[in-house]
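Once you have looked at the hints, place chain B on chain A.
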Amino acid sequence: MSVDQFLQYLISGITQGSIYALVALGFTIIYAVTRVINFAQGEFVMLGGMLSFLLISSFGIPLIPSLILAVLFTAIIGAIIYLLAIRTAKKASVVSLIIITIGVSIFIRGFTREFLGVDSVRPPFFTGDESLTIFGALIRPQALWIIGTTIVVTIILHLFLSRTMMGNALKASAISTRAAAMVGIDSRVMALTAFVIAAVIGSIGGAVMAPLVLTSYNVGVMLGLKGFVSASIGGFKSPIISVIGGITIGVIESLAVGINWGPFTSSYKDAIAIVALLIILLIRSGRLALEERAD
Amino acid sequence: MRKWVSLLVVLIMLSTTVSLAACSNTSETEESTYKVGAILSVTGAYSNLGVPEKQTLEMLTEEINAEGGINGRQLEMIIYDNESNAEKAATLATRLIERDEVLAILGPTTTGDSMAIIDTVTSGEIPLISMAAGISIITPIEERYWVFKTPQTEKEAVSEIYLYMQENGIKDIAIITDTSGFGAGGRAYLLSEKDSYGINILDDQTFSSGDTSMQSQLTHIKGTDAEAVIVWATDKESSIVASDMKALEMTIPLFASHGIANMAFINNAGEAANGVIFPAGKLLIADQVPATDQQQKILVDYKNDFESKYGTGTISTFGGHAYDALGMLTIALEKMDGDMTLVDARAKLRDEIEKINNFVGTGGVFTMSPQDHLGMLPGSLAMFEIVDGEWTLAP
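As you go down the protein sequences, you meet chains A and B in turn.
Residue 1 is where the first sequence starts when you use this note's numbering, and the numbers rise one by one after that.
Residue 296 is where the second sequence starts when you use this note's numbering, and the numbers rise one by one after that.
The following block holds chain A by itself, in its conformation from the complex:
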């Protein structure tokens, strides 16, 4: 593997990883506040891409208003999911709530398929498609948009959680719902906020990645899986570690193809990510049990 090639694998991996990271952030926010793993997270990503395509290509709305509308609409869906599906089942156990989110994701997927069709679509590139050369490796402008979006979203989320009242309230609710309630933080409002933030991040990711990787009604399944693996590296608790987890998985997958030896070939690319997850879960399971007891 030459240096140029190594850089190319690295750049491809970071681009892929940034996509996983954006999905992982959504999982993390909702889990931290509600202890629910939202399996409809991939559908937020799908909606962001499909809606931006619909608005740009079918309605002829310019790029930026289309993106804003797509994100806004997905945020409303996120709120509706919480209000109709999660909140109404308030007495249900966490496992039941997770199963509800699986049902919701199947519903959204079927609904999109009925109305927007089964074909894969590609919205226009934000800023053209002539590859740029960085240290001998080629990168597409849209890949830079994806990586940039991931960085900006992560920073904004970090500032929001650490510097604002709302963010601190969210964190408090994540640490202990009961204690937060004692100081007047309504856990239901916090859960609603978490769903909206997750929908916003997911749909931004979906809209930015769609020109590069295409989108279709079922794209959320695979992305949801990879995002889930990435988020579990951070134990669904730390947004920053989820992002690092996502990028790590992207880079490992890409380099595995480059090594092209033994189990490190493209055929085992996905298996490598799953094995990584298993190892992490094994290491973490002991610690998780301790934390559960502490709760």
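Covered stretches of chain A, going by a simulated chain B footprint (3 or more residues, C-beta under 8 angstroms):
(1) 3-17
(2) 119-125
(3) 217-225
(4) 266-275
Far from chain B, some chain A residues (derived; all Cβ distances over 10 angstroms):
(5) Phe59
(6) Phe73
(7) Val94
(8) Gly148
(9) Leu161
(10) Ser162
(11) Thr164
(12) Ile185
(13) Phe228
(14) Ile244
(15) Pro263
(16) Ile280
No lab work stands behind these hints: they were computed from the structure.
Here a beta-carbon is modelled for each residue, glycine too, at the ideal position from N, C-alpha and C.
The following block gives chain B in isolation, referenced to the frame of chain A:
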């Protein structure tokens, strides 16, 4: 009270007579029609294949019946939608065999759905003409006595590509395939046929369906001395491969499977689609087929009929597979004579399908035999090149 009871009795008697009348009506039409069933993915993941198939069957049935039917009998086409679901296909096959008592079944649309009903049609002893690509539908032939199909298989497509490479002096290549059924089937033939055409495969990369980037695999291929790349996948993943190759500024030609023979590939790959070479039935370029080709007339006629009914640009090879299936069945039905029991009629129909000789269809020219239940003759496929977003015959 007694008044009510007698009224009730009268009502019951009336309804029995009506339903009896209805029964005798249907049995009368049954005698004078040929009943044929079809199982298609009209909705669900493969509806873009199933819909033109359904439209074609409906159009042809109308045409046949308007011209007086087959042997003076009307053709009754019962089309069921299995919603791209294999389990549903099996249920519907049983319903067609036992309740609707059809003579033969056309479809299903996909390889998976076809495989799911092979046992049902075999034990039901009814001929099936599948519209799906997989070669496993008709092999091993000993276990596929009742099963035929019309679309080309991976084998025909791979041979056509290798032949083209041989003619153009391409020897060293790289392949990148989907790990799903379609891609894996293509990969198997790419590997097994390469030696007979003197092709060397320098790099053998794979990806999973749903993958969003093939840049890493292509970077690896770029590091080899391959003179061309072959991608074996459906249109979505193939279009990602094409645009990733452009992004990596790879200039070697890209060959693709017949799975990209639809407009979605050109729309999604954009500029990167230009220069991609692939084998497919001649239907897509019906207007460019020379008049000396024996398929020319049928291709132009079908395309014009279909597009004047369903709109310009709606033609697809999938509808063509349905055209070929019903075309062959019609020829077999014409050989039927007199009154036979359903079991004998089905068996006779199967024998007649197997005897089909030199049938000129949209997908190729077919000669069935007890050893080959596809019977597609060489030269049925053409090599295409995409130029300026349009299909053209490859030079």
